[in-house]
Amino acid sequence: IISDKSHCEVQDWLMTCILIDNSGRSGVVANMTTGEFKEAVFSNGTDDDPARYREDVKDHKTAGVYGAAVVWIYDNLYVLIDMYIRTFRSQLIPTDSEVQQVFISSNGLSLTSSQVSYSVFRTFQREGVQVKGRICATTIRKSLATSMHTHMPGQKDHLTALAQHKPQTQANYYRVHDKVSQMDLGRRAVKHLVSLKTKQDLLEGKKNKLFKTELETGAIEERAVREKLTGMKFSTTHSVKAVVIKLRRLREEFMQSVDLPTGQCTSPEKVMEFLESCDANTPESLAVSNSGESSHVWRKFTDEQTCFLLSLTEDMVANNTVKREIVWKRVASDPRSVALGLISGKEDEEEVLKAKQRLNDK
1 IISDKSHCEV QDWLMTCILI DNSGRSGVVA NMTTGEFKEA VFSNGTDDDP
51 ARYREDVKDH KTAGVYGAAV VWIYDNLYVL IDMYIRTFRS QLIPTDSEVQ
101 QVFISSNGLS LTSSQVSYSV FRTFQREGVQ VKGRICATTI RKSLATSMHT
151 HMPGQKDHLT ALAQHKPQTQ ANYYRVHDKV SQMDLGRRAV KHLVSLKTKQ
201 DLLEGKKNKL FKTELETGAI EERAVREKLT GMKFSTTHSV KAVVIKLRRL
251 REEFMQSVDL PTGQCTSPEK VMEFLESCDA NTPESLAVSN SGESSHVWRK
301 FTDEQTCFLL SLTEDMVANN TVKREIVWKR VASDPRSVAL GLISGKEDEE
351 EVLKAKQRLN DK
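Just so you know, we're using my numbering here: the sequence shown kicks off at 1 and counts up by one.
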């Protein structure tokens with residue numbers, strides 16, 4: 001049985017990767033369909049540019065101006081998404097469902113752009129990234145644009161083409177070949193920017209030794225850095241804030257060289273492990289698991305469950321006044337609900353909240 005926690009973690013990570021690689025809007029990822037994914041065009045890679053797929057997403061915010069959104073998916077990520085569709089998505093949604101989006105909720109419904117954007121925030125939280133405010137798809141777009149103008153100004157036009165907010169493209173969006181070429185250059189520029197390493201020698205030599213403790217412990221605070229720089233009388237053209245940012249970047253590089261504890265997996269490894277563990281032939285479980293470890297994903301409603309639920313709420317459906325609490329009260333008070341597997345009757349507080357929402361959505 002697939003847990004709701006694992007589903008969210010894997011799906012959030014996949015969507016975040018797409019958004020970062022494409023400087024894209026959350027609506028594009030939310031509206032990607034399985035048909036568009038299968039029709040993606042493969043491009044061979046080179047020594048400095050990995051193999052990738054080009055997917056055209058027709059339903060998005062600026063489709064009327066720029067045409068279909070071009071989404072680049074690197075070969076290794078494409079394989080993971082394909083596994084996700086085959087091994088997991090197929091267990092949540094029937095083959096004849098009208099929901100065609102690649103990424104769906106635990107109830108088998110399509111996601112909104114807000115839900116996709118929030119998934120970015122959850123992914124960064126799981127990675128231990130602490131920031132003020134909430135990271136979203138727009139934050140990624142702005143950060144990439146700001147960094148591109150600062151570190152790679154010669155590539156900024158390619159990024160705007162990739163993000164589909166370049167004024168010149170509006171007049172020439174019908175020139176498909178030029179559009180795709182520009183977006184491909186934008187994709188390469190983003191890949192370069194994300195992996196960019198500074199060549200400045202700001203903290204080389206004595207400064208690396210001075211901040212050795214901070215680099216090893218991760219306790220990098222602006223006040224402490226200022227005191228050390230002032231005490232050692234270092235002359236630098238950079239602000240204290242710039243030194244702090246550099247130290248944190250060096251800390252990240254230091255952590256990459258540290259072996260993970262036994263049994264610890266990186267995010268890509270956890271995603272792969274989860275997808276490989278999914279079995280498309282897993283027997284259906286109609287009720288919530290009673291395990292205390294985690295709440296579980298419900299399977300699709302059976303015809304019998306659907307008819308029973310409708311019989312309990314027919315008056316509300318007819319008057320378009322469906323209320324979640326009333327639906328739950330009627331279901332929970334009828335012993336047939338447990339017999340049909342609509343609920344288990346032993347839900348904890350968290351599972352009750354999810355069950356209420358699931359029944360209300362249905």
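Some hints here could point you the wrong way.
List of simulated lysine to any residue pairs, SDA-like, C-alpha gap at most 20 Å [what the hints assert, rightly or not]: (1) K354 - L80; (2) K362 - S333; (3) K5 - K58; (4) K246 - M272; (5) K5 - T138; (6) K58 - L92; (7) K241 - Q256; (8) K212 - K191; (9) K38 - D75; (10) K300 - N319; (11) K142 - L109; (12) K58 - D47; (13) K329 - T306; (14) K38 - K5; (15) K191 - D49; (16) K323 - E276; (17) K191 - L109; (18) K362 - Q115; (19) K246 - R223; (20) K300 - W328; (21) K191 - Q115.
If you are wondering where the hints come from, they were derived from the structure by calculation, not from laboratory data.
So, going through the hints one by one against the coordinates:
no., hint, in the structure
1, K354 - L80, "28 Å, violated"
2, K362 - S333, "18 Å, holds"
3, K5 - K58, "31 Å, violated"
4, K246 - M272, "32 Å, violated"
5, K5 - T138, "25 Å, violated"
6, K58 - L92, "25 Å, violated"
7, K241 - Q256, "23 Å, violated"
8, K212 - K191, "30 Å, violated"
9, K38 - D75, "13 Å, holds"
10, K300 - N319, "25 Å, violated"
11, K142 - L109, "29 Å, violated"
12, K58 - D47, "31 Å, violated"
13, K329 - T306, "17 Å, holds"
14, K38 - K5, "27 Å, violated"
15, K191 - D49, "9 Å, holds"
16, K323 - E276, "39 Å, violated"
17, K191 - L109, "32 Å, violated"
18, K362 - Q115, "19 Å, holds"
19, K246 - R223, "15 Å, holds"
20, K300 - W328, "18 Å, holds"
21, K191 - Q115, "25 Å, violated"
Against the hints set out earlier in the document, violations occur for numbers 1, 3, 4, 5, 6, 7, 8, 10, 11, 12, 14, 16, 17 and 21.
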